[in-house]
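**Q** Sequence:
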Amino acid sequence: MIAAPLHLAGERLMLCPSGVALWPATRTLIVADLHFEKGSAQAMRGHPVPPYDTRETLTRLAFALRRHAPRRVIVLGDALHDDGALARMAPADLAALQRLLSQCEVLWIAGNHDPSPQPGLPGQCVPDWKEGRLHFRHIGGATPLPRHEAELSGHYHPKATLPTRAGGVTRPCFLASGQRLVLPAFGAFTGGLDVLDPAMSAVARGALRVFLLGRERLHSAAFEALRQPFAAATGSAAR
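In the working numbering, the protein residues as written are 30 to 268.
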């Protein structure tokens, strides 16, 4: 996989096609919206969905950790689909999660789905985190940022449709502006919200680029190019 560089507040980040961001200077891997046990939550509400989302998300997370070998992991909220998710998680899956993160420092940012600290998780639970010029939050865009600072957040599950000659190609994406980076949702059952949706206006204000996830690389486009009619586009489809 080929990661793409992005500079925010004087810091060099790397965006990986797996959907995680890396902060090489601190050996930090950043991931958002794992939503463990969303499948079991849906089943409790009478929706017959396969109960394998946690296992699939763990497999993808294990791949990212093996590939990048971070010293620290920052989870930008909604690691759990709700505060009862750990109690529903299969013992083997919980053991696998604890084993995966045992060699890392872990910061769990509180999300709207999982606002309460979880004693079964390794690491530290915090409402948000600031380090140097970077702010780490679950929901971004709520407050203005000082000129030389930047914000990384999740929550919105951004996706974008890249216009091509063959029609639109829709993928989860990173959404980047001069001071903000919104990460795609990492969980297997998370879905997405189009970056042009009015509900995204708080974090899409001033957006410059999107980076659509592909198998081996990211597919970058100017934010304004997403508004072009498909027939007028000249890009190539994401793989």
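Calculated from the structure, these hints are not laboratory results.
For glycine and all other residues, C-beta sits at the position ideal for the given N, C-alpha and C.
Accuracy of the hints is not assured; some may be wrong.
[Unchecked claim] Label pairs and their computed distance ranges (CB to CB):
1) Pro144 x Thr88: 36 to 42 Å
2) Glu178 x Pro77: 44 to 50 Å
3) Pro34 x Pro148: 33 to 39 Å
4) Tyr81 x Glu160: 21 to 27 Å
5) Ala119 x Asn141: 22 to 28 Å
6) Arg256 x Ala54: 22 to 28 Å
7) Ala54 x Gln132: 25 to 31 Å
8) Pro175 x Ala54: 17 to 23 Å
9) Asp157 x Ser230: 18 to 24 Å
10) Glu134 x Pro77: 22 to 28 Å
11) Phe92 x Pro120: 36 to 42 Å
12) Pro34 x Ala228: 36 to 42 Å
13) Glu134 x Ala171: 25 to 31 Å
**Q** Tell me, in ascending order, the numbers of any earlier hints that this structure violates.
**A** 1, 4, 6, 7, 10, 11, 12
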